[in-house]
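Undergrad: Chain residues, written in single-letter form:
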Amino acid sequence: MRLRQLPYLGRTALEGFRAHALMNLIAVIIIALAFVVGGGFLLLVINVEWAAEGWSEQIQVTAYLADGLSAEATQGLRSRIAGLPEVAQVRYVSKDDALKAFRGQLGPRASLLQGLTESPLPASFEIALRPMHRSADGAERLAGRLRDLQGIEEVSYGQDWVRRLQGFLEFLRLVGAVIGGGLLLSVIFIVSNTMALTVLARREETEILQLVGATRSFIALPLVFEGMIQGLLGALLSLGLLYAAYELFTTQLYLQAVAGLRPGGIRFLPWQLGAAVVGAGLLLGAIGSLLALGRAESVER
Amino acid sequence: MRLRQLPYLGRTALEGFRAHALMNLIAVIIIALAFVVGGGFLLLVINVEWAAEGWSEQIQVTAYLADGLSAEATQGLRSRIAGLPEVAQVRYVSKDDALKAFRGQLGPRASLLQGLTESPLPASFEIALRPMHRSADGAERLAGRLRDLQGIEEVSYGQDWVRRLQGFLEFLRLVGAVIGGGLLLSVIFIVSNTMALTVLARREETEILQLVGATRSFIALPLVFEGMIQGLLGALLSLGLLYAAYELFTTQLYLQAVAGLRPGGIRFLPWQLGAAVVGAGLLLGAIGSLLALGRAESVER
Amino acid sequence: MIQMYHVTKSYPGGVEALVDITLHVPRGEFVFLTGASGAGKTTLLKLLFCAEPPTRGQILLNGRNAARLRRAAIPLLRRQIGMVFQDFRLLPRRSVFENVALALEVMGLPRREIRRRASEALAWVGLEARQAQPAIRTSGGEQQRTAIARALVNEPYLLLADEPTGNLDPDISLEVMELFKRVNARGTTVLVATHNRDLVTRYPFRTVALEKGRLLA
Amino acid sequence: MIQMYHVTKSYPGGVEALVDITLHVPRGEFVFLTGASGAGKTTLLKLLFCAEPPTRGQILLNGRNAARLRRAAIPLLRRQIGMVFQDFRLLPRRSVFENVALALEVMGLPRREIRRRASEALAWVGLEARQAQPAIRTSGGEQQRTAIARALVNEPYLLLADEPTGNLDPDISLEVMELFKRVNARGTTVLVATHNRDLVTRYPFRTVALEKGRLLA
Ligand SMILES: Nc1ncnc2c1ncn2[C@@H]1O[C@H](COP(=O)(O)OP(=O)(O)OP(=O)(O)O)[C@@H](O)[C@H]1O
Ligand SMILES: Nc1ncnc2c1ncn2[C@@H]1O[C@H](COP(=O)(O)OP(=O)(O)OP(=O)(O)O)[C@@H](O)[C@H]1O
Ligand SMILES: [Mg+2]
Ligand SMILES: [Mg+2]
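Chains as they are written, first to last, in the working numbering: chain A, 12 to 312; chain B, 12 to 312; chain C, 39 to 255; chain D, 39 to 255.
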């Protein structure tokens, strides 16, 4: 194979693509749908993660203060806490604030608390975590640190609630990873096998080329290019389909059902992932054709 | 086409399958992977739903009683509530129980409550809902009924928490439905297009049959049978792959990560869905071949 | 048997393969069709076999208008016409026997009957020893003879043979011609397109010559 | 040029296509290969073209052992041998011109050179007018001539022609033979497998006859 032949091989690939238009069209459809499946799953994961992020913003740690702590000591504690690496924000809740909140919780029954001369409830700091620490482990770690501080009586962070949310998300991620991994493999196999089918359907042509003295690379390159065209078109088509589905989803169903779930609504794939899908199309196209050629050679007609 | 020819057509289908062994094998792999994708998503949905069910078991409604209700009135109220359609179970929490629980919540600070001569907290019923009503709407409906009852002062059901969980699950279901729908369509198209590719690769054969006077059904039936064989093998292979993945998942990863999430762990597809996958394989195989034949006829060689 | 009136066939590319052909072949006749390469012999046979529609003109087969046949009637027509294709048109992976039997399978004959008649037809062309071999794995002449056996196996009332001896040696060519003569004697109308001057001169049959798509007087 | 020593070829089915063939063809010779259908002519040409390996025996081409060629060397060998296949082996959807040009494309010649030589080769066989048509849409004889043009276009030192006139009328057959003679006169060794007795008797070349895989003395 010489460099001079490259234009010929490119032309041949394009002509091959046109000559077997129907076959290639079907292959592109299969490939696009495989990518729709993969990309759709990616979309699902991205959006669930994003929604879950909104949830875990709610994770906060409450540090109850020892009774009778001086205003200065409280202030000092506050700045020490604010300096901890996990901490994003600290809000002080005085004893009276706590009682007020408690009253609010009791609602009409709150009048029963009027006999109290002093708030029986402790003052506290409500601490918001930095995003990367918003997990059961992060909260636990922070709670440990806080417990060591002078003047902090008790720490609570809704252990139960957080643990459960955590478990659920972890479960989602785990199932998602396994299914996503299987999916990725499946898409790879579907795409490359589809190439294999179209290459296999042209064994006769390949044989004739061998008979007129074509080298292996001369036979393989146009098929590899053709596979790349298939993969490219399939990937682009899949992105188009996904985007159409996404548009439909956001405009039609989103408002009625998920309103208020999160301000931005649903997200589409970031452009990097879109580019990755296109790259995967090209790569899988090339690999698929090469595999198919190998297979076709290893099997007698 | 006569009945007598059926065995011949069946034999022809089997022979055709063997004669194009490599092509058919690849087609079966593509189909199996498409079904793996569909079945994997089904598995994901089933298991997320199942886990979410565990979550919503936690939804309960608390009805606070008016102060000074007699024991009889309380008893009467209790049985009326127990008789409501949404209610699975009712637990009575007396004023003292409530105070005790409150003390437990306050922990070491509870000593501050010792000044109280009488519990300031109301007595209440904690009501578990029947499974089908375990949703924000169900809880709301029940709360409405309870509010109408004599002797019930206030009703709470952790509105916020339930709403949010509800929203999250609804979001999951919605995204899942859209992606699942796209997936189902994709699998159908992938499977039938794969058949189309293998049928298309045999246009020459089909043409020769026409030339020796074969009727359309004589040509079509073996191809349809062959498509059904492809679909059947693909579906069975996909179930095998999914089960293997499931086994791997439960034995390897499950213990360390999702332990305690739910007693039974992860579930496999119930047999009805497995049977449905096999049926879908046969059906899609037949439909795919028929579509492919139509397409092949409508296009000049 | 065959009546063609002012038949013209132009292919999409603009090639006029047949121009204003009027031709009658009475039942039971044996006719040679000659002409240089590209003269239109194959095209004429394809029109008679309903493998291509004529662009203009009328074709009557056994009194029926070929152009007006319903689509579903074409297979039935083809079962009564035997055609030996210039490029054989065999199923490459099926055995020689299966290729011949195929013409009977499509008619739904009982299995034993198919066996008997296919074996018989293979014997006519001397292929008994090759019957189990896949068609693609036989020699050019063997493939041609398989095609001949397939065309004759259902005892057609019309035999269209396109260059049936192009890959056969002179001895087997003569045997094939004798076979065609026997078939013709039993009442089958025979139309043989050939370049083989030996055959055309050896047999006293009517010869129809084409030149660039036109009939030579 | 060609030296075969005790070459035997049996196909997987158990068919002995060639038995103990010893044959020498000196450079520049013109040889007819004859034999009944199934005698082994095509098999012999395929062995020389390295399309099939011999079961036993040695084949030397230009002094090189054909059986010991590296796989990558086979394409290079084939570019120097022209072969006309009995079943043509054309790319059906490519035009007549492209089919002929293909043999030059694989060698990586400049485009203009390819154009010139392919057009020339098509003129040799009288196909100028058909060059843009897809091969599948040409007549049997036109396909055969396309195959001949493709075999000759890269001026091979060895021409193997398998039944090259089976689909040609006598006039064109003679033209093709004259073409082969010219090629032979320029130094190409020519081996033509044929059933055409006219040709074999008309030309005074050496004839090698096969019978059931054996050389007739
Ligand atoms: N691939 C194959 N597998 C098995 N047997 C084969 C194969 N190719 C050819 N044969 C057998 O080998 C024998 C010789 O075949 P070959 O094609 O060489 O004959 P030929 O002389 O070219 O005949 P023809 O004039 O009919 O073309 C034949 O009997 C044929 O059936
Ligand atoms: N499908 C087609 N599309 C376009 N042109 C065609 C087609 N088939 C045949 N032709 C052209 O029509 C003309 C007649 O072709 P036909 O096959 O009838 O010739 P023929 O007499 O059988 O020749 P041969 O002896 O070479 O087989 C030829 O010039 C050929 O190129
Ligand atoms: Mg012809
Ligand atoms: Mg041969």
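Bear in mind the hints are in silico, worked out from the structure with no lab data behind them. Among the hints, erroneous ones may be present.
[Stated by the list, open to error] Think about it this way: if two alpha-carbon atoms lie no more than 25 Å apart in a straight line, the pair counts; the simulated SDA-like pairs of lysine to any residue are: (1) Lys111(A) <-> Lys111(B); (2) Lys250(D) <-> Gly51(D); (3) Lys111(A) <-> Val59(A); (4) Lys250(C) <-> Ile210(D); (5) Lys250(C) <-> Glu213(D); (6) Lys111(B) <-> Ser146(B); (7) Lys106(B) <-> Ala82(B); (8) Lys219(D) <-> Arg235(C); (9) Lys250(C) <-> Leu147(D).
[Claimed, not checked] Chain B residues, not near chain C, derived (Cβ > 12 Å throughout): (10) Glu26; (11) Gly27; (12) His31; (13) Lys106; (14) Ser130; (15) Arg156; (16) Gly162; (17) Gly187; (18) Leu220; (19) Leu248; (20) Leu259; (21) Thr261; (22) Gly285; (23) Ala287.
[Stated by the list, open to error] Covered by chain A, per the in silico footprint, the following chain D stretches (three or more residues, Cβ under 8 Å): (24) 116-123; (25) 139-147.
Every value quoted in this text rests on a predicted model; they were computed, and no experiment measured them. Even for Gly, the Cβ is constructed at its ideal location relative to N, Cα and C.
Undergrad: Hint by hint, say whether it matches the structure.
TA: A quick look at each hint next to the structure:
1. Between Lys111(A) and Lys111(B) the alpha-carbon distance is near 20 Å, which keeps this suggested pair within the 25 Å criterion.
2. Annotation: proposed proximity of Lys250(D) to Gly51(D) holds, straight-line Cα distance about 16 Å (limit 25 Å).
3. With a CA separation close to 36 Å, the supplied pair Lys111(A) and Val59(A) exceeds the 25 Å bound.
4. Straight-line distance between C-alpha atoms of Lys250(C) and Ile210(D) comes to about 15 Å, which keeps the hinted pair within the 25 Å bound.
5. With a CA separation close to 19 Å, the supplied pair Lys250(C) and Glu213(D) stays within the 25 Å bound.
6. Using a Cα cut-off of 25 Å, the hinted pair Lys111(B) and Ser146(B) is violated, with the two alpha carbons roughly 29 Å apart.
7. For the hint pairing Lys106(B) with Ala82(B), the CA-to-CA distance comes to about 13 Å; that is within 25 Å, so the pair holds.
8. Restraint check for Lys219(D) and Arg235(C): the C-alpha separation of about 23 Å stays at or below 25 Å, so the hint holds.
9. For the hint pairing Lys250(C) with Leu147(D), the CA-to-CA distance comes to about 36 Å; that exceeds 25 Å, so the pair is violated.
10. Listed as a non-interface residue, Glu26(B) fails to keep its Cβ farther than 12 Å from every Cβ of chain C; the least gap is roughly 8 Å.
11. Residue-level check failed: Gly27(B) sits 9 Å from the nearest beta carbon of chain C, not beyond 12 Å.
12. At the 12 Å boundary, the C-beta of His31(B) falls inside the reach of chain C, the nearest C-beta of that chain being 8 Å off.
13. In this structure Lys106(B) is separated from chain C by more than 12 Å, as the shortest Cβ-Cβ distance comes to about 89 Å.
14. Against chain C, the non-interface label of Ser130(B) holds: every CB pair exceeds 12 Å, the least being about 90 Å.
15. Against the 12 Å criterion, Arg156(B) stays outside the reach of chain C, whose nearest CB is about 69 Å from its own CB.
16. Residue placement check: Gly162(B) keeps its beta carbon more than 12 Å from all beta carbons of chain C (closest about 82 Å).
17. At roughly 46 Å, the least C-beta separation between Gly187(B) and chain C is larger than 12 Å, which holds for a residue marked as non-interface.
18. Remark: the non-interface label on Leu220(B) conflicts with the geometry, its nearest Cβ contact in chain C lying 7 Å away (cut-off 12 Å).
19. For Leu248(B), the non-interface assignment is confirmed: its Cβ lies about 25 Å from the closest Cβ of chain C, beyond the 12 Å cut-off.
20. Separation of Leu259(B) from chain C is adequate, the least Cβ-Cβ distance of about 40 Å exceeding the 12 Å criterion.
21. For Thr261(B), the condition that its CB be more than 12 Å from all CB atoms of chain C holds, with the nearest at approximately 45 Å.
22. Its beta-carbon lying about 36 Å from the closest one in chain C, Gly285(B) satisfies the requirement of being farther than 12 Å from that chain.
23. Under the 12 Å C-beta cut-off, the non-interface status given to Ala287(B) relative to chain C holds; the minimum distance is some 36 Å.
24. Proximity of the segment 116-123 of chain D to chain A, defined as three or more residues with a beta carbon under 8 Å from a beta carbon of that chain, is established by the 4 residues found.
25. With 6 residues having a beta carbon nearer than 8 Å to a beta carbon of chain A, the segment 139-147 of chain D meets the requirement of three or more and the stated coverage holds.
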